[in-house]
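Chemist: Below, each chain spelled out in residue letters.
Protein chains: 2
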Amino acid sequence: MKKRGLLLVNLGTPENTSPRALRKYLKKFLSDRRVIKTHPLVWQPLLHGIILNTRPRKSARLYEKIVQEGEFPLLTYTAAQEKNLQELCPDVEVAMGMSYSAPSIETSLENLLNKGVEELTVLPMYPQYSGTTVGSVFDSVMNYFLKKDNIVDLSFIRSFYQEPLYIKYFADKIKNALAKETDIEALIFSYHGIPLSYVTDGDTYPEECTETTRLIMEEIGDFPHYQTYQSKFGPAEWLTPATDDTLKKLPGQGVKKVLIVAPGFVVDCLETLEELEEENRTYFLENGGEKYIYLPPFNDDKAFAELVKEIVK
Amino acid sequence: MKKRGLLLVNLGTPENTSPRALRKYLKKFLSDRRVIKTHPLVWQPLLHGIILNTRPRKSARLYEKIVQEGEFPLLTYTAAQEKNLQELCPDVEVAMGMSYSAPSIETSLENLLNKGVEELTVLPMYPQYSGTTVGSVFDSVMNYFLKKDNIVDLSFIRSFYQEPLYIKYFADKIKNALAKETDIEALIFSYHGIPLSYVTDGDTYPEECTETTRLIMEEIGDFPHYQTYQSKFGPAEWLTPATDDTLKKLPGQGVKKVLIVAPGFVVDCLETLEELEEENRTYFLENGGEKYIYLPPFNDDKAFAELVKEIVK
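Note that the protein sequences, when read in sequence, are chains C and R.
Here the numbering used here is used: position 288 in the first sequence is 288, and no number is missing along the way.
Here the numbering used here is used: position 144 in the second sequence is 144, and no number is missing along the way.
Don't read these hints as lab results, they were simulated from the structure.
The beta-carbon is built from N, C-alpha and C at its ideal position, and this holds for glycine as well.
Some hints could be false.
[To be verified] Computed from the model, here is a short list of chain C residues facing chain R with C-beta under 10 Å: (1) E69; (2) Y129; (3) N150; (4) I157; (5) S159; (6) Y198; (7) T204.
Work out the full structure: start from the sequences and follow the hints.
Modeler: In C-alpha cells form, the structure reads like this:
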C-alpha cells in the first residue's frame, strides 16, 4: 500500500492585524494573476501606487473586528479541520497549506513528501470551482511539482459543490433554523462574487453556485429564496445580484425577516463574519429589516472531515 | 455522476522513416529538459551542430527494421490499447496522447474536455516512474492546465510497477515460457537505462525497477536472473549493468540459454524490437550464446486494459 497524504488548502490570513502585516498579505494575494487578471504592467503600478497605500489600514480595521485574542477564524478553523481529519483518518498524513500566508502550500507539500507520502490528494477548501481560488491552488501545486525529480500519484479535487454530504449539511442546518425561527420570510444564499469577465473567459463558478443552491433547495422544498454575490472589489462589473443591494431593497419589498447562509465558505472568515454578520446585517436593519439570522458554515464541525473522507475515498 | 476521462500517454513515434521525419522527432524528444538535463546553452549547440546531423539517418535505418507497412508498433499498439479500454469502459472517454508526436497530449486533453470530461485520470504508459518519462508527461499535463480557466478533477498515476495484475502478467508469461523451454538457464530483465546523475538528483527509477523484478521473481520462485539496463545514449555514466555488456559476457560464464523480458515497456518499440530482438540477440549469439528468447510485453493484449481499469478504479 502506498502511503497516502491529504493537503487541505485555504486562502490564508495576515500575520496580525497591523497595517504592515495586511500590506504584506494583500500584496501577495492581489499579485496573483489568477485573482487579478489585469496585465501586471497596468495592475502593479495601481497596486503599489494606490491600493497598498490605502487598503491595508482599512482591512486592518475590519480584521480587528473578527480577530479574537490574536486568532484569525480562517486559520483556527482550518487547523481544527486538519486535526479532525487526522483523527478520522489516522493512516493518512494530513496537512493544511495556505495560498497567501504560512504554512505555504509549498512548505506543506515538502513536509508531506518528507514523511514518505506517495499518493497525495489536494483538496482546496472551496466547494465551488473558480480560477481565482481553486485554479490558483492548482497552479501552486503544479508549479511545485514541475521539473521536480520525484513526483507522486496526485489527485486534485476541483470542487465538491454537489457532494451529497455537503448539500445535506447546509440543508439540515437551514431546516433546523427554519423550524425554530418560524417567522422567516426568505432565505438568502450569498456566494463570494467574481468579475463578470472571468465568467466570459470560461470560469464555471456561477453554474456551480447555482447548482448548490438548487440542490439545497431540493432538500428544503418550496421556500422563497435569493441567490446573491458579495465582496465586490474594484470598478469592474461583477456577478449580480449583489448581496448588499439585495439586502437594502428586500425590506421595501415586504421581506423583513431573513436567514442568510454562505455555502461557498467552509469556515468563517472576514467575508462572512464582518461582511455578513455585521455590514450586511446593518444595511438590512437600517432599511427596515426586522430579523436577520446568519448561519455559519462548518467551522470546526467534524461533519466536514466526514465529507472530505467521502470525497477522497 | 461526473463524466470521466482517461488519457493514456506514450512517448511518440516519427511520422515516417525518412531522416527528415526522424530529425523532427528527435529534435522534439531531445529538447525536453526532463530527458536531457544538460543546460540548453551547452546542449542545444551540440544537438543542432552534431546530433541532429548524424543521428536521424542512423535512427531512420533502425526504424526501417521494425516498421511494417508504414505502421510503427508503439503507435499501433497504443491505439489498440486505447480501443481495448474504450470497449472495456464504455462510460469513460478514453484517449491516447504522445509526448513527442501526434496526437499530442495537449490536443488529446482538449478533445477530452470538449467532450465534457469533468474527472480525468492521466496514465503514462510507463510502469516505473522516471522524471525522463513520467515526469515529462506530468509537466505537459500541468502546463496545459496552468492558467487555464476551466480545470477538472485530475488524477495522475505516477507508476504501477507493483500492481498485482501487472506483476502477474509478466510472471505468468515467464512461467509459461519456462515450462515450454525447459533448458533456459537464466532470465534477463532489461529496463531502459537513465543517466546515473539523474538518480543522484532524486529520480527513484532504479528502485522501482528492482522492486518489479523482485515481485515477479517472488511469483516465479528461485531461478537465476539478472537485472540490466539498456539503450545508453551519450558519454555520461548510466545505470549498470548494461544489457549489451551482460549478454556479451554471459556465454563465457556458462550461461548460454536465456529468456529476456523488458517489463519496463508496455508495448514493443524500437528499444525492444530492434535492440532486444535483433542487436542484443546478435551480441549474445556471436559470443557463444545458443538460445535467446525475447518475451514481448502487453502490446495489444486486453490484459493491459484490465490492469488499467484496476489502477484507475
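Chemist: All the hints need checking, so say for each whether the structure fits it.
Modeler: Do the hints match the structure? See the list:
1. E69: violated (38 Å)
2. Y129: C/Y129 check passes; min Cβ-Cβ to chain R is 7 Å, inside 10 Å.
3. N150: At 5 Å from the nearest chain R Cβ, C/N150 passes the 10 Å test, so the hint holds.
4. I157: Since chain R brings a Cβ to about 6 Å from C/I157, closer than 10 Å, the hint holds.
5. S159: holds (8 Å)
6. Y198: holds (7 Å)
7. T204: For C/T204, the interface hint holds, since the closest Cβ of chain R sits about 6 Å away, which is under 10 Å.
When the structure is compared with the earlier hints, a violation turns up for hint 1 alone.
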